[in-house]
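Protein chains in written order, with our numbering: chain A, 520 to 620; chain B, 520 to 620.
By construction, these hints were calculated from the structure, which means they are not laboratory data.
Errors might be hidden in some of the hints.
No distinction is drawn between identical chains; accordingly, a pair holds when it is met within one copy or between any pair of copies.
Below, computed lysine-lysine pairings styled on DSBU-like, alpha-carbon distance capped at 30 Å [as the list claims (entries may be wrong)]:
#, residue 1, residue 2
1, K596, K546
2, K596, K524
3, K596, K522
4, K524, K546
Protein chains: 2
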Amino acid sequence: MEKPKYHVFVCGSARLVGENKGFCLQKGAIDIIQNFNEEIQDRGLDSEVMVSSTGCVGLCSMGPVVMIYPQQIWYGKVTSDDVEEIVDALENGETIERLVI
Amino acid sequence: MEKPKYHVFVCGSARLVGENKGFCLQKGAIDIIQNFNEEIQDRGLDSEVMVSSTGCVGLCSMGPVVMIYPQQIWYGKVTSDDVEEIVDALENGETIERLVI
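Here chain A stands alone, though its shape is the one from the complex:
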């Protein structure tokens, strides 16, 4: 199966069973995911970029955390306002140094 060029994982603090109550979720993970989905749709990048939420990745003090694979770029303290810039960077093959953890 063809893999996405960029697989964006957004920590959603999900617990495996039950409620999601973690830090990244409280700090806007849902807005971040929604903004990614909108940017990707607006730019017609559906076939290149996939967005998934994840369970807690244990980096709560640096959350909300966004991990981009296979490029292995990890961003911390991401806000929904950063998403447009992150997608710009993906399209340009760049990394946003101020967000890197």
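For chain A, the structure is supplied; the task is to place chain B on it using the hints.
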């Protein structure tokens, strides 16, 4: 920050808010994640392998789905019995062809 050599993502069918009711979860995602964590601990691979659950990745007919990054290996119809073999393959830099999707 140092990244894990292998980041194993197991689809846990998580919904962003509320209950987890999806296919991968029903088909044993929790056991798969627990087995990964046990194998990793037993082999002392904690610093090399990280395991995260994800929200639904939309491949329900091929679930439970396990994705390994940055290697971009995607496995489908994984059972908890496959986990030991998957970790063996990681350690040997190999891919288990019968599980690849």
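Q. For the identical chains here, do K596 and K522 meet the 30 Å Cα criterion within one copy, between copies, both, or neither?
A. both (27 Å within a copy, 17 Å between copies)
Q.
Checking an output row: K524 and K546, CA cutoff 30 Å. Within, between, both or neither?
A. both (27 Å within a copy, 28 Å between copies)
Q: Classify it for me, K596 with K524: is the Cα-Cα distance of at most 30 Å met within a copy, between copies, both or neither?
A: Close inside one copy (24 Å) and across copies (23 Å); limit 30 Å.
Q) Should K596 paired with K546 be assigned to within, between, both, or neither, using CA atoms and 30 Å as the limit? A) Intra 9 Å, inter 34 Å, cutoff 30 Å: intra-copy only.
Consistency with the previously given hints is maintained throughout, with no hint failing.
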